[in-house]
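Number of protein chains: 4
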Amino acid sequence: MTDKKPFAWETAIAWKNKDRIVVRGYDVNELTGNISFAEHFHLVLRGELPTPEVGRMTEAILVNMAEHAMSPSSATVRFATSGGAELNAAVAAGVAGIGRLHGTADRPAEMFLAVGERAERDGLSDREAAAKVVAEMRERRERMPGFHHAQHIRDPRTARLLELSDELGVTGRYVGIARAMEDATEDVFGRRIWINGPGSMGCVGLDMGYEPLQLKAMFIVCRSLSLCAHSIEEATREKGWRASTNSDMVQPLDLSMQGPDHYDGPADRSLT
Amino acid sequence: MTDKKPFAWETAIAWKNKDRIVVRGYDVNELTGNISFAEHFHLVLRGELPTPEVGRMTEAILVNMAEHAMSPSSATVRFATSGGAELNAAVAAGVAGIGRLHGTADRPAEMFLAVGERAERDGLSDREAAAKVVAEMRERRERMPGFHHAQHIRDPRTARLLELSDELGVTGRYVGIARAMEDATEDVFGRRIWINGPGSMGCVGLDMGYEPLQLKAMFIVCRSLSLCAHSIEEATREKGWRASTNSDMVQPLDLSMQGPDHYDGPADRSLT
Amino acid sequence: MTDKKPFAWETAIAWKNKDRIVVRGYDVNELTGNISFAEHFHLVLRGELPTPEVGRMTEAILVNMAEHAMSPSSATVRFATSGGAELNAAVAAGVAGIGRLHGTADRPAEMFLAVGERAERDGLSDREAAAKVVAEMRERRERMPGFHHAQHIRDPRTARLLELSDELGVTGRYVGIARAMEDATEDVFGRRIWINGPGSMGCVGLDMGYEPLQLKAMFIVCRSLSLCAHSIEEATREKGWRASTNSDMVQPLDLSMQGPDHYDGPADRSLT
Amino acid sequence: MTDKKPFAWETAIAWKNKDRIVVRGYDVNELTGNISFAEHFHLVLRGELPTPEVGRMTEAILVNMAEHAMSPSSATVRFATSGGAELNAAVAAGVAGIGRLHGTADRPAEMFLAVGERAERDGLSDREAAAKVVAEMRERRERMPGFHHAQHIRDPRTARLLELSDELGVTGRYVGIARAMEDATEDVFGRRIWINGPGSMGCVGLDMGYEPLQLKAMFIVCRSLSLCAHSIEEATREKGWRASTNSDMVQPLDLSMQGPDHYDGPADRSLT
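Respectively, the protein sequence lines represent chains V, P, A and B.
Just so you know, we're using full-length UniProt numbering here: the first sequence kicks off at 1 and counts up by one.
Just so you know, we're using full-length UniProt numbering here: the second sequence kicks off at 1 and counts up by one.
Just so you know, we're using full-length UniProt numbering here: the third sequence kicks off at 1 and counts up by one.
Just so you know, we're using full-length UniProt numbering here: the fourth sequence kicks off at 1 and counts up by one.
Okay, chain V solo, but in the shape it has when bound:
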């Protein structure tokens, strides 16, 4: 394309004309009714249909991660909805809130990949590399993405996802690396720090052949279901305009009289 225009789309995902919509080479009407949404997820993002095992594991993760009661994104959606946002706007707000600290399967995946590369570069076993990386992150006071969950400590989703991954024969090198890192935390921190839900997505996802950002996409897609549900419930059950626990926020000099909210900026002053 010699004369490329900013508005020319070049894509390998899909094309359409008046009569057909074709996704990665398949007519969408042939896919419809014949593959699962999880298989379609793999097709759209990775370009090929998955093996049956990877399809089932994808489905399991989409179900497991869709809903988590109150989290930053569901709270975001509820406040946006309380301001009168339509469903699309409210869900957009929630998706925007799925930042680097939330649903962060891509970051543990990047870390697991780095452990693997480290093993190769330094001629270590994966277990040795895992232990080294955990110790070094501790030393640099870096948080290990994909480990620990403040609300659960030991995230209940991990056991189920790893069990299924083992059962389906999906488990490979990266689940091994994640487990080795978890083991290494005992020595390094003096207590076990558990793989959390997104962390298990990260290692199982790599063993399924997904790239890190495709795992973030997996989280966004399934969690958008939760965001829709919370927005609709908020719009239906509540009266609008959530804001703070008390409308009278604390004045600096009168801290005793108030609820949990707290202002600690400058005291009253005047332009003159």
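There could be a bad hint or two in this list.
Just so you know, same-sequence chains aren't split out, so a pair can sit in one copy or run between any two.
[As the list claims (entries may be wrong)] Straight-line Cα separation of at most 35 angstroms, DSBU-like style, residue types lysine-lysine; simulated pairs:
| # | residue 1 | residue 2 |
| --- | --- | --- |
| 1 | Lys18 | Lys132 |
| 2 | Lys239 | Lys132 |
| 3 | Lys239 | Lys18 |
Quick caveat, the hints were computed from the structure, so don't treat them as lab data.
On the provided structure of chain V, position chains P, A and B as indicated by the hints.
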């Protein structure tokens, strides 16, 4: 709850504690690996697991509507990504773009419900009410949501979705009303105006027991898959900063020299 | 443009080429340092520079409405930021939350315009039309947009904005209509229901020559300042991952043990 | 606060009660009509009113950067609006698109700060450190944020902003560092690579006392004005549903027949 606080969540969707995440009464780990994402969609939004037929039909719609090549939301995602937006921000932009003219299964569903109510109120058959409503909307020059698709004229998705709905025994009153409205367009407009994809979601969705806004949610959830794919592809294949087909926009007095972009505001002027 | 392309921009707002950026006919570099941002707001949205009075009143509103401590949009921004959203994503979430119940200067403006049209159509004085409309909305149990503020009852911003509008000679027909509606509430509701901040933006804004949606834009633009401040403060002061007041949400059968959050969906059940 | 709750707001920005809204210690009604929006920008984000010079320079930047015709964010807004997004949703989409490659005043600011630190650490003059950093970035094939603009090559906004900064006496160390880096590009690249608009915001902004992320906020706030204008114009002038330059996208085997859009994924295939 006598002392309701703005930050107290009241929800019937899910709860969690340190050890469990429970969705609509089911432990999420029991659901994982045992139900499809489509069934989970129904559970989270409607509170109960679907019948097998409704589960299969939900899955079919989620696959059918996930990807449509270039549409307003995929273009939105691509421009946002070209500005350097992270995946969550770019997908949020795209979801925000799924407004009342895009993926609008809720609006045809509302219209089909209104036709049904009209039939009851006026003692008409559904076919009679459908014909009346089409004629009246024409007279008021109101667009019929869920009918006609500028890119397809006859949207190819409709035939597949209605065929599956018939096969699965999902088809009921609202598919009938939609078909009656389509039939009525021939008389009213002098040519057939076809049910489009979101329109078929609207009528089949009502026959599946979904409420209109839950159908909008269904579109948002499956289309978010497409939005992720377009964002990742844009970030991978393109160089950033899409803007206009030509950086030199047309000056008012020199319309001849330019590409498709066009400025038609005031000519050059000065503050002095 | 006979062969209009979906990606051809037609705009009267601005053009640029390699050497210049021109907004509504003025070179942006000439505007820079010579007009206020408030005047620029008027120029960009309305196409012409404002009178000095309208410029000063625009500036006053932009200052008055920029910050309101905790509101739905600032809370939205804080939750999105707590999920690790970058500044652009977090502010996007907050802007999405400025829906029809929040910063809603456009809706009172539409109502004031409708009162004016009603007066003309029915040969009433504006005061008579205002009283009629208030009574009719009450009867239909419709909320009057731009009146009442749950956190203030009598919104303190209104007095200042109307005072300035009077001083600057901006006050005209629509401030009169708003005041007449406020007066009418005493008869209709048995107590005075006060014009709130967005309501005063609505009537003063119309008297300044703005269209309703341009007033919504005015709110979005100035409130985006607050949204930036709350996002940056949240990212700086807090540790991330806000979610709920208690991580252990209430189980259905154990309502006594918990904080304010509350689950009232189905009790525990199983797939089998 | 010993028993900190996730929903307790702690803030130094503002507080309110039934009768007052107080921003950084000032009653918002006293500020209204008495300070400019630019001064308010400084107050809200930095906690104090600016000097007159910093206030004027802030105003100049807010005017200079508000509108840039077609850019990634204005295009994002237009596509979202074409999907029927309300103003808040469409502007949210545009703000989400102001990512790390767009309006990126924070990234050049970080780079200028790093040059300053480098000078101190290595006992170099700022000019020496600037030259070293430019050379090293070239060697690492790293792009210099804040330099070069694909649409302008030499961004016209830079000259105006630096001229004003000099006139107002704002210019200090960081404008010096930016100019030294620009000078150094001649040696390193064999041609001058010019400071662009966001780059000049970055260096002038640091000399005004802003932190990098506060400069990103400055861009977001003023550019939100443009986003509102483009959304309203799109909704008013266009018919909705922009998508691609041609609805019939290119099939893989028939590249000759089509417009600029291009599909290069797998050729037609079937599930069976």
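A quick look at each hint next to the structure:
no., hint, in the structure
1, Lys18 with Lys132, "between (57 angstroms within a copy, 30 angstroms between copies)"
2, Lys239 with Lys132, "between (53 angstroms within a copy, 27 angstroms between copies)"
3, Lys239 with Lys18, "between (45 angstroms within a copy, 20 angstroms between copies)"
Of the numbered hints stated above, none is contradicted by the structure.
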